[in-house]
Amino acid sequence: MVESESKSRLSKILLILTCVFCGITIVCFAVGISLFFDQYFKVKSYKEDSCQVKSATYESNSKCIRDSGRKTMYYKCYIPIWNIQIGQNQTFLYNIRGNAESVLEHVLKQQDRFQVNSVYPCWYNTKNLSEVTWYRPTTYYSFILLIISAIFLPFSIVSLILFCKFRQRPDL
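Residue numbers for the sequence shown follow the working numbering, beginning at -9 and rising by one.
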């Protein structure tokens, strides 16, 4: 009886390990592949150029959303905005919006990184010129998730095989 309890316990442990490994593999693969395709098309349609900062300002918003688990909370935030000119001969002005911050000093520090009348590299969407960003779109995070998925895949397969073999033993 003690032997069957320990085998039952081992069976449960194998089942839990199998579920954890398979769950991590499936979630990382699903999120990673969807992020990859989303970012891949951005990488393909964005082009690098130089942007001259014409002016910098910020927007105050009293309805920024902070999700605190059980309920959604609103707070006041500030969003840095740079008015830029793309390329050397462009006469069109575009806006680059930064990340929302709850502290105004953080926004001002962000704005100090890109000084007025200075030129910086920027990325714009060739299909929609109003989509401009300081940073190149990347598939880096999706690759990390896909690598984690690939690392956990052998563990998932081995634990599943062990669990199935263990469950098929006649002495259980």
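Hints are computed from structural coordinates only; laboratory data are not their basis.
Because the structure is a prediction, the values reported are computed rather than measured.
Just so you know, not all the hints are guaranteed correct.
[Unchecked claim] For each label pair, taking beta carbons as the anchor points, the in silico distance ranges come out as: (1) Tyr65 x Ile23: 31 to 41 Å; (2) Phe145 x Cys54: 37 to 47 Å; (3) Ile141 x Arg87: 32 to 42 Å; (4) Leu98 x Asp57: 23 to 33 Å; (5) Asn85 x Thr62: 50 to 60 Å.
[Unchecked claim] Taking lysine-lysine and the BS3-like style, the derived pairs with C-alpha atoms no more than 27 Å apart in a straight line are: (6) Lys155 x Lys2; (7) Lys32 x Lys155; (8) Lys117 x Lys37; (9) Lys117 x Lys34; (10) Lys34 x Lys53; (11) Lys99 x Lys44; (12) Lys117 x Lys(-3); (13) Lys66 x Lys53; (14) Lys44 x Lys117; (15) Lys66 x Lys99; (16) Lys53 x Lys2.
All residues carry an ideal CB built from backbone N, CA and C; glycine is no exception.
Each hint tested on the structure:
1. Between Tyr65 and Ile23 the beta carbons are some 34 Å apart, a value that agrees with the proposed interval 31 to 41 Å.
2. Separated by about 41 Å at the C-beta atoms, Phe145 and Cys54 satisfy the suggested range of 37 to 47 Å.
3. With their beta carbons about 36 Å apart, Ile141 and Arg87 fall inside the hinted range of 32 to 42 Å.
4. Between Leu98 and Asp57 the C-beta distance comes to about 26 Å, which sits within the given range of 23 to 33 Å.
5. For Asn85 and Thr62, the hinted distance range of 50 to 60 Å is not satisfied, since their beta carbons lie about 27 Å from each other.
6. Of the pairs offered as hints, the one joining Lys155 and Lys2 holds, with about 13 Å between alpha carbons and a cut-off of 27 Å not exceeded.
7. Using a Cα cut-off of 27 Å, the hinted pair Lys32 and Lys155 is violated, with the two alpha carbons roughly 46 Å apart.
8. For the hint pairing Lys117 with Lys37, the CA-to-CA distance comes to about 10 Å; that is within 27 Å, so the pair holds.
9. Using a Cα cut-off of 27 Å, the hinted pair Lys117 and Lys34 holds, with the two alpha carbons roughly 10 Å apart.
10. Between the alpha carbons of Lys34 and Lys53 the distance comes to roughly 34 Å, so the proposed pair goes past 27 Å and is violated.
11. A threshold of 27 Å between alpha carbons decides the hint, and for Lys99 with Lys44 the separation of about 17 Å falls inside it, so the pair holds.
12. Only pairs whose Cα atoms come within 27 Å are accepted, and Lys117 paired with Lys(-3) is rejected, the gap being roughly 61 Å.
13. A threshold of 27 Å between alpha carbons decides the hint, and for Lys66 with Lys53 the separation of about 6 Å falls inside it, so the pair holds.
14. Pair hint Lys44 plus Lys117 holds up; C-alpha atoms about 23 Å apart against a cutoff of 27 Å.
15. In summary, the hint linking Lys66 to Lys99 is supported, as the alpha carbons are separated by about 18 Å, within the 27 Å threshold.
16. Taking the CA atoms of Lys53 and Lys2, the gap is near 48 Å; set against the 27 Å cutoff, the hint is violated.
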